[in-house]
Each structure stands twice: as structure tokens, then as C-alpha cells.
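Chemist: Using the sequences provided together with the hints, build the complete structure.
Numbering-wise (the working numbering), the sequence shown opens with residue 1 and increments by one.
It should be emphasised that the hints constitute simulated quantities derived from the structure, not laboratory data.
Just so it is clear, the structure is predicted and the values come from calculations on it, not from any experiment.
Do not rely on the hints blindly, as some may be mistaken.
To be verified - List of simulated lysine-lysine pairs, DSS-like, C-alpha gap at most 27 Å:
no., residue 1, residue 2
1, K104, K88
2, K3, K99
3, K90, K111
4, K111, K88
5, K90, K104
6, K111, K99
7, K3, K104
Unchecked claim - Label-pair restraints from in silico Cβ distances:
no., residue 1, residue 2, range
8, F81, V49, 36 to 44 Å
9, I39, A116, 45 to 53 Å
10, I39, R119, 39 to 47 Å
11, E34, G87, 42 to 50 Å
12, E26, G46, 17 to 25 Å
13, D78, K111, 19 to 27 Å
14, S60, L117, 16 to 24 Å
Beta carbons: idealized from backbone N, C-alpha and C, even for Gly.
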Amino acid sequence: MAKTYYVVGGEYADTSFSIIAPGHTEERFGPFEEHEAHICWRALTGKTVDNAMIRYFIRSTEAVSGETWYVVGGEYADTDFQTIAPGKTKDVLGPFSRKDAMDKWRELTGKTVDSALTRFDLCTGEELARADS
1 MAKTYYVVGG EYADTSFSII APGHTEERFG PFEEHEAHIC WRALTGKTVD
51 NAMIRYFIRS TEAVSGETWY VVGGEYADTD FQTIAPGKTK DVLGPFSRKD
101 AMDKWRELTG KTVDSALTRF DLCTGEELAR ADS
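Modeler: Structural data, given as C-alpha cells:
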């Protein structure tokens, strides 16, 4: 069976291109064979080249089915883990499949195990959007 692809994206909240901008929804075009996905991607990016907040990606069917997951966190001000430490920013990494998100979470928590004020959590794209609202 041939692999199928989608073109996904839209207007994002910032240039990390990980969270869709408030009031917008992720756009999804397809399914396509790989060549047609690239044609669609080129057409969309050509139309939106003047807006730095719009971006599209080509994803395989496996990558767009199911939930998307994010790894969120960083260094916090205290052990309540509610406020990011002064001068630091909250990291939002993803989107990932659940397995890839777990792998990234393990990598980050392994690197920061000696920092009592550093924490990373897993959340779905839906949970992340609600938290940012």
C-alpha cells in the first residue's frame, strides 16, 4: 500500500511554529501521494510567503492520525511549578507522536535530574491550546 501524506499548518502563535494562533485552527489538506503533497505545499507557501507566522508542513498519514503531544516546561521560580524562573522561558517542544514525546521527555528529564526547579510535562495539543487560552 502506498504511503499517503497531508499538508498541515496555518497561522501560528509565534515562530516556534508549535501552537496555532488564537482564533485559528490547524488546516489540513489531503490525503495525497508524496508528489502531490509537495505540489500543494508549494502552492500554499507561495501564497503566504509574506506572513512570517504562517507555515505548512508535509506529514505522513501516521504523523497526523491520532493526538499530537508536546513536552512543556523548563526552570521554574519555585517547587509549585506554576511560574517560570525570572529570565527563563517556558519550553514548548513538539508536536510529537506520543512515543516521540515520551522519548523527548525522558531525554530532558535525564539531563535535568539534578535541578529541583526544572520540570517537564507531557500534554496533548488540545490541553496545550486550553492552557494558552
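Chemist: I want to verify a distance hint. Is the separation of the beta carbons of E34 and G87 within 42 to 50 Å?
Modeler: With a Cβ separation near 44 Å, E34 and G87 satisfy 42 to 50 Å, so the hint holds.
Chemist: Are the Cα atoms of K104 and K88 separated by 27 Å or less?
Modeler: 20 Å, holds
Chemist: Check whether the Cα positions of K90 and K111 lie no farther apart than 27 Å.
Modeler: This hinted pair holds, its Cα atoms lying about 16 Å apart.
Chemist: Quick one, are K111 and K88 close enough, alpha carbons at most 27 Å?
Modeler: 17 Å, holds
Chemist: In this structure, is the beta-carbon distance linking D78 and K111 contained in 19 to 27 Å?
Modeler: 21 Å, holds
Chemist: Decide if the proposed pair is consistent with the structure: K111 and K99, CA atoms, cutoff 27 Å inclusive.
Modeler: Since the Cα atoms of K111 and K99 sit roughly 19 Å apart, the hinted pair holds (cutoff 27 Å).
Chemist: May I ask you to test the hint 17 to 25 Å on the CB atoms belonging to E26 and G46?
Modeler: Between E26 and G46, where Cβ atoms are some 20 Å apart, the hint holds.
Chemist: Would you check the hint for K90 and K104, treating anything up to 27 Å between C-alpha atoms as holding?
Modeler: 15 Å, holds
Chemist: If I claimed the Cβ atoms of S60 and L117 lie 16 to 24 Å apart, would that claim hold in this structure?
Modeler: 38 Å, violated
Chemist: Are I39 and R119 spaced within 39 to 47 Å by their CB atoms?
Modeler: 43 Å, holds
Chemist: Given the hinted pair K3 and K104, is their Cα-Cα distance within 27 Å?
Modeler: With Cα atoms ~26 Å apart, K3 and K104 stay inside 27 Å; holds.
Chemist: Can the suggested window of 45 to 53 Å be confirmed for the beta-carbon pair I39 and A116?
Modeler: 51 Å, holds
When held up to the earlier numbered hints, the structure conflicts with hint 14 and nothing else.
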